[in-house]
Amino acid sequence: MRLALVKGHATSTVKHHSLEGWRLLVAQPVDSSDRPDGPPQIVLDSFGAALHQKVLISSDGAEARKMVGSEFSPARWMILGIIDPERSLAL
Amino acid sequence: MATVVGRVTLSLRHPAFRGERLLLALPWNTTTWTTAHAHPSEKPATDALPFDPSIVVYDELGAGVGQQIAISEGREAACPFKHPSPVDAYCAALIDETFYQETRP
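In order, the protein sequences belong to chains A and B. For the first sequence, position 71 matches number 72 in my numbering, and the numbering has no gaps at all. For the second sequence, position 2 matches number 88 in my numbering, and the numbering has no gaps at all.
In case anyone wonders, no lab produced these hints; they're calculated from the structure. Glycine included, every Cβ here is placed at the ideal spot set by N, Cα and C. Check each hint, because a few of them may be wrong.
Said to hold, decoys possible - Where chain A lies over chain B, by a calculated footprint (3+ residues, C-beta under 8 Å): (1) 109-121; (2) 154-162; (3) 180-186.
Build out the structure end to end from the sequences listed, making use of the hints.
Encoded structure:
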């Protein structure tokens, strides 16, 4: 799992059928001091995360496949939750 | 995310690769995104986008050269296949447009 900042979104009409209807956000994985750490990923969003919001993303495809409801889906990165900035502590 | 730059055709192939369509694609990194969406005034002189090293992507959606695609890498790339497949990079979507904003205005 990675901390990531939502930096944008992507739209796609021609895609794998299991991804139909899913919001595709661009999430930039960041380190504990919010510096980019690794390439931005296209993630499936089911929480309606806003631009520049900090989210928790995961590359566990099994959960993503369950979420989209197709065992043949290439879905991989997905948002697990939205970080609560006040109650999160980075030493 | 990646940009398609070419096609790959095999003369001899792994048995699992029947009727495969392979693309040569350049994966995007953070600088690719920021350069692609930079304000015209901040755009670098050369319009070449910096990419990560190229990879070969299995494609079933018919992506053309120059097209932007969303790729799935790793074990998930082999999921769309009924039979076990050695594919580790799969074209999951043809991207129409992207919006990217580095920092809050």
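**Request:** Identify every previously stated hint that the structure contradicts and give their numbers, smallest first.
**Result:** none
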